[in-house]
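A.B. asks: Now for the letters of each chain:
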Amino acid sequence: MDDLRDPTERAYIQNYSIYFCVRPQKLYSLAQESGRTAAKYFINTYPKYFQKDFANPHIPCLMPETLELQVNEVSEAALIERIQLRKVKAAVDMYDQLLQAGTPVSLDLTNDLLDLISLYGDCDPARGDAPEQRTEEMVSLTLTSNNNAERIFNMMPERNRRSYGALIRGMVKHGAYSKAFNTYTDLLNNRLTGDVHIFNALISAAPEVREKYVEKWDLIVDLLKQMAEQKVKPTLLTFNAVLKALRRCGSLGRTQAFPVINEMKALGIATSAQGHTEILQDVLSEISGKSFTAQDPDDGIIKTQIHTFLLFTDSLCDIEQAYRVHSLLGVGENWKLLGDSYYQSIYYGRFFNLLCMMEHIDVVLKWYKELIPSLYYPNSQGMRDLLQALDTDNRLDLIPQIWKDIKRMGHDNKTELVEEMLSLMARENQIPEVQQSFADCALDVKALYTQTDRRVPLSWSAGSLSSITSILLAAERTQQAWEMLKLFKLANRVPESLMNQFLESVKASNNAQQAVELVQISASFCLSITPNLMERVQQEFDLTEEQRNTLSDLESSTAMSD
Amino acid sequence: HSVCYNRNSIYHFIDRAEKPHTVCRQLNSTLWLNVGGRSIHSSAVCCKNRAARIRVGKGDRPVTYEQALHPHQIAHRKGWLSQHTSNLQGEDGAADRTVEDLFIRRLIYGTFHGCLADELVIKRRGNLLVICALMLQKLPPHKYYFLVGYTEELLSHFYKCPVKMEIQMLEEKSVYKYL
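Protein chains in written order, with the numbering used here: chain A, 1 to 562; chain B, 1 to 179.
No lab work stands behind these hints, which were simulated from the structure alone.
Zero decoy hints are in this set.
Subject to a maximum C-alpha distance of 25 Å in a straight line, what follows is the list of computed DSS-like cross-link-like pairs (lysine-lysine):
1. B/Lys164 - A/Lys48
2. A/Lys40 - B/Lys143
3. B/Lys160 - A/Lys52
4. B/Lys164 - A/Lys40
5. A/Lys26 - A/Lys369
6. A/Lys40 - B/Lys160
7. B/Lys164 - A/Lys52
8. B/Lys58 - B/Lys48
9. B/Lys138 - A/Lys26
10. A/Lys48 - B/Lys160
11. A/Lys52 - B/Lys123
Could you build the full structure based on these sequences and the hints that come with them?
C.D. replies: Okay, structure coming up:
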């Protein structure tokens, strides 16, 4: 039932304002997974309540799993059961008991036991599946932990290739690389040949046991030669292992990679993107990239990590390629390539970035509506790209709508983003309706800054204050603009560039008193522009006697302070 | 035969809405007179002119739309809380569906204790059981997701059919009038 779950399942609880950001979404899907795990725990611990079978036909995945051991006497059947239930310690104990009782254990069964121990590294796997996470596998145990496997191996009367294989693969998995090679030599000494799994494990372990790049590559070539001698056919995994190992070989790896790819093509092995991504990241060859994408729609094969293709198309700024890659996602099961939500966010982030840079704003907006918020929650960099695109195409009138989205996505606490948006709005004067909408938006931002119940309050900067004030002035909301001046004082910022704008607006309303106030404010900030202002006010306004006196007082006080 | 057993063969709206807690009370007071024998069990009586009706009181008690309208208003001004096809002619399993519904209501009432804004609506579409709930914003959203995942999985395994929960959040209970 797990595999058939809706792949596009997203957070669905509506009317709950915090569902727009990407991190909560991951949190919610993890929370749901852990709820399911909790339920599974109950179901498997108390199976007697879930035995009644309503379903006709029977649905086996909805029955409780039997995780408890049934067979308890010392016998081979008990050992088989323990291996099946993945109870490593119990299996080892049962094996020891069997040997002590003198019952011979068959070779196949011993091999199964060895596989089990190697896979789980000598301790029981955790109960229940961990929710889908990008955590590492359990930390590689120390080299002594493979004692059980080695002990049983040494006790075996006869060993075949499979036993050696289990041991080698276990050692490689848990980090005992040199031991793995020793065991391989042992295998050869016993006149047995390796199989493809052994060679894959050894190839992936090769970079760890040699220091220099050249030596590493030599070892890998040596292994491949031996593989050919022993008539073992390489598979996809072999080539992937080689390519992965090449990544660890630095520059030498890059030169060797192409022949490997060609050989893969020659052998007609269905190429996996895993293999190719290594190359693309290292080589950035346009040719190989193009030929690859041409093949895929025909093959429709399952690949991995398609976003690396986009990485490299980005660096070429090739929007056509990007569209082709995006359409590839619609073919067959390629959507699975995007990986988990982290990789998806990287992919869509880069895609959107490319769009904003290269395409016309209408196209950008079309994609914006399509991608956001159903597929991708842009981070603040994404929103800045969008603002940039709006600026390039002169569609600044859309900024208030974008601001609404920014708020919903929770990016309103990112000072750079907000300031950039404000400065874009404040840069030039717009037609009146747009100016009014800008003014509303600016007031909204101001309210955000002055909110006291935020955990991390936004701090005013000179830039944001001046932007808001100039927007308000341009929209002729003089009252609110004057209030902003008070905020300047509170935030200890200086309104340098705004004085002239203020003077213009005051002249428009022909309010002499306000003009005098303006000069006073300017003087209180000790702005260099004060004498200039004073002159202009004295010339351009009809001042009363009192006002003239105030001005001359100010003049003398500023002259003294100079 | 390969016909899948559906507990809800045709998608149709027919049922009587039962007021759950009164019926629960009835089931609660069931007595086994002879253990292991066959006997009559009876429960407390709830007359039809008192069931699912909230009587007019002082005027300080808020009631939702669903509570305020009485059962004779079903199919006039009210819908059904439980939707399945067992009450159609020739269909069986009505009693089983009812008991399942009650179990589900009690389970959800306890799991999401204090968070339910109104009665559950349980819909059956083919094999699928859909539980539609209105919830208040009492818990942080990740806890809701946890509980939803838990309930869905538990009920699926219990009833051997896919169970989905659809939740809508409200800020507070919607009051229709005060009685």
